[in-house]
Amino acid sequence: MESETKSPKATQEKTEPKMDSKSQNYKLHAKNIDVFYDDFKAINNISLGILEKSITAFIGPSGCGKSTFLRLFNRMNDYIDGFSMNGNILLDDKNIYDPDLKVEELRKTVGMVFQKPNPFPKSIYENVAYGLRIQGIKDEDFIEERVITSLKQATLFSEIEDNLDKSALSLSGGQQQRLCIARALAVKPSVLLMDEPTSALDPISSGKIEDLVHELKKDYTIVIVTHNMQQAGRVSDNTAFLYMGSLIEYGDTQKIFTNPEKDRTQNYITGRFG
Amino acid sequence: MNSTDTSRTKDKAFRILGISTTVGCVLILAVFIGFIIYQGMERLSWEFLVSLPSRFAEQSGIYTAWIGTLWVLVLTTLISFPLGVGAGIYLEEYGKKNKLAKFLEINIANLAGVPSVIYGLLGLEAFVRIMKMGNSILAGSLTLALLILPIIIVSTREAISAVPSSIRDASNALGASKWQTIWHQILPASFGGILTGVILALSRAVGETAPLIVVGALAYVPFAPQGPMDEFTVLPIQIFNWVSRPQHEFVINAAAAIIVLLFITFLMNGIAVYLRNRWQNKMNW
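Here the protein sequences line up with chains V and H, keeping their order. The numbers in UniProt numbering rise by one with no breaks, and the one at position 248 of the first sequence is 248. The numbers in UniProt numbering rise by one with no breaks, and the one at position 174 of the second sequence is 174.
In case anyone wonders, no lab produced these hints; they're calculated from the structure. None of the values given here were measured: they were computed from a predicted structure. For each residue, glycine too, the CB sits at the ideal point set by N, CA and C. Incorrect hints may have been included.
Have a look at the derived ranges for each label pair, beta carbon to beta carbon [stated by the list, open to error]:
1. V:Tyr37 - H:Gly95: 16 to 26 angstroms
2. V:Phe36 - H:Gly18: 49 to 59 angstroms
3. V:Pro203 - H:Ala30: 51 to 61 angstroms
4. V:Thr258 - H:Ile106: 58 to 68 angstroms
5. H:Ala162 - V:Thr270: 36 to 46 angstroms
6. V:Glu104 - H:Arg15: 49 to 59 angstroms
7. H:Glu93 - V:Tyr37: 13 to 23 angstroms
8. V:Asp39 - H:Asn269: 42 to 52 angstroms
9. V:Asn45 - H:Asn98: 24 to 34 angstroms
10. H:Gly270 - V:Gly87: 57 to 67 angstroms
11. V:Lys94 - H:Glu93: 26 to 36 angstroms
12. V:Tyr37 - H:Asn110: 27 to 37 angstroms
13. V:Lys94 - H:Lys96: 22 to 32 angstroms
If we strip away everything but chain V, and leave its shape as in the complex, we get:
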């Protein structure tokens, strides 16, 4: 209903990111990334820059490495047995794999939303407050204000206004996912990573999340992994197509979807494989 009236990509004033450009100021910049799980090479020499306050989509068939690549930006792969990598990733020109960097600090700047809604088995309020509480914030007025703002930002507040003390597990799947987004926003990140955030949701809930993502672009740099080609086309400014651990093509979404340079991109987008 809403996407018909929207044709946002055509009027984009942002410059297009280039796969290996050094001149642009990227919010996130991956340089020559290789990722290994034991002997298996999951990511093969990918370099890519992500512009501030833009939406970047990673697309590609299952097992192409897009989720692995996404999880590099907040170092969630660190927990996986056998994980190792080469190259580095700059966030605001600082290497996030610097041994001196505190990974907890990084994750306050780079938030994440997962494939399956994963609220904590606590109240709605406490879910959103969690990120603040673990930072040691005790000021209950401050926390309450932040919880409400975040829930409003995630367009959930009006639906649960009177039930903030109810268990988060009593919400519907779509509401839970928006709660997870609110929870991520509450710690005031500047980057939001989304790993197939709508794949477990029905079309209406998915639509709400997409609208929300569009809204959030004003304030956040968003990187979204998606299986859904139409979704990538609808929400993202730039799209990266990954295939078997390599970056095949990266650029303006409109261009990737209408006039890709590589045959393989064309074949994937038109549904000939994947």
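With chain V held as given, fit chain H onto it using these hints.
Using the frame of chain V, we list chain H on its own:
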């Protein structure tokens, strides 16, 4: 008779077999408990609970025994709970998943199967003799704590690994440190399971006799223990002592003491079941 009929008959036969074995087991237990209650009930009184042991069966009570059991239970809990849960958390959350971890894991599982009298010998040598604790409650509690540590460690690990990894991911992604994730998410979510394991392990400890006899718990203690270094006896030993007497009156005493012991273990198991259900309802994701 065609093949559907045959398999139906087999189905029916198996069901009857299943029902009869289940009923059989429960019946044996029921008859046993009924018999004990029938025998012991007449002796069970407030008098019996607060009397010291005596040469005369009618004047004899289990005061020292149940006070001893309580002491042992409390001390064993205090020792085994932090050690076992701590080890479980370490192995599940911090320990690297390498060959050493595998080796430890197998050994802990094996330890759970070591006969309890062997723990008694270990306790006798290590606590009673080398550490010079004597035949004290502390020595007995340490021995029982060792005995149930493997059970607590294994059940703690199981409870922790049952927490969905998505919860861990969510907490980590919000900038929580490892300890914060464990403290605020993993432990609350797995605490029902951990507690269940601990209580079941303790109810096993309450019924243990052999290791305590080996470390020197006495059959006849004419006073109630005042502190952890006192000599002691426990209910199972008191029961063991009474049933080995020739006089029938003492056997009745034993039956009455068994009722008390059964009551304690049933109560503990009941608490474990209650806690498990309560936590499960709270945590259904």
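Hint-by-hint comparison with the structure:
1. Checked against the hint of 16 to 26 angstroms, the C-beta distance between Tyr37 of chain V and Gly95 of chain H comes to roughly 20 angstroms, which is consistent with it.
2. In this structure, Phe36 of chain V and Gly18 of chain H meet the distance hint of 49 to 59 angstroms, their C-beta atoms being roughly 52 angstroms apart.
3. Under the hint 51 to 61 angstroms, the C-beta atoms of Pro203 of chain V and Ala30 of chain H, about 58 angstroms apart, fit the expected range.
4. Checked against the hint of 58 to 68 angstroms, the pair Thr258 of chain V and Ile106 of chain H passes, with Cβ atoms roughly 60 angstroms apart.
5. Between Ala162 of chain H and Thr270 of chain V the Cβ separation comes to about 44 angstroms, which falls inside the hinted range of 36 to 46 angstroms.
6. The hinted range of 49 to 59 angstroms is satisfied by Glu104 of chain V and Arg15 of chain H, whose Cβ atoms lie roughly 57 angstroms apart.
7. Take Glu93 of chain H and Tyr37 of chain V: their Cβ atoms lie about 21 angstroms apart, and the range 13 to 23 angstroms holds.
8. The hinted range of 42 to 52 angstroms is satisfied by Asp39 of chain V and Asn269 of chain H, whose Cβ atoms lie roughly 49 angstroms apart.
9. A C-beta distance of roughly 30 angstroms is found between Asn45 of chain V and Asn98 of chain H, which places it inside the suggested range of 24 to 34 angstroms.
10. Taken as a hint, the range 57 to 67 angstroms holds for the pair Gly270 of chain H and Gly87 of chain V, whose Cβ atoms sit roughly 58 angstroms apart.
11. In this structure, Lys94 of chain V and Glu93 of chain H meet the distance hint of 26 to 36 angstroms, their C-beta atoms being roughly 29 angstroms apart.
12. At about 32 angstroms, the CB distance of Tyr37 of chain V to Asn110 of chain H agrees with the hint of 27 to 37 angstroms.
13. Judged by the Cβ atoms, the range 22 to 32 angstroms given for Lys94 of chain V and Lys96 of chain H holds: they are separated by roughly 29 angstroms.
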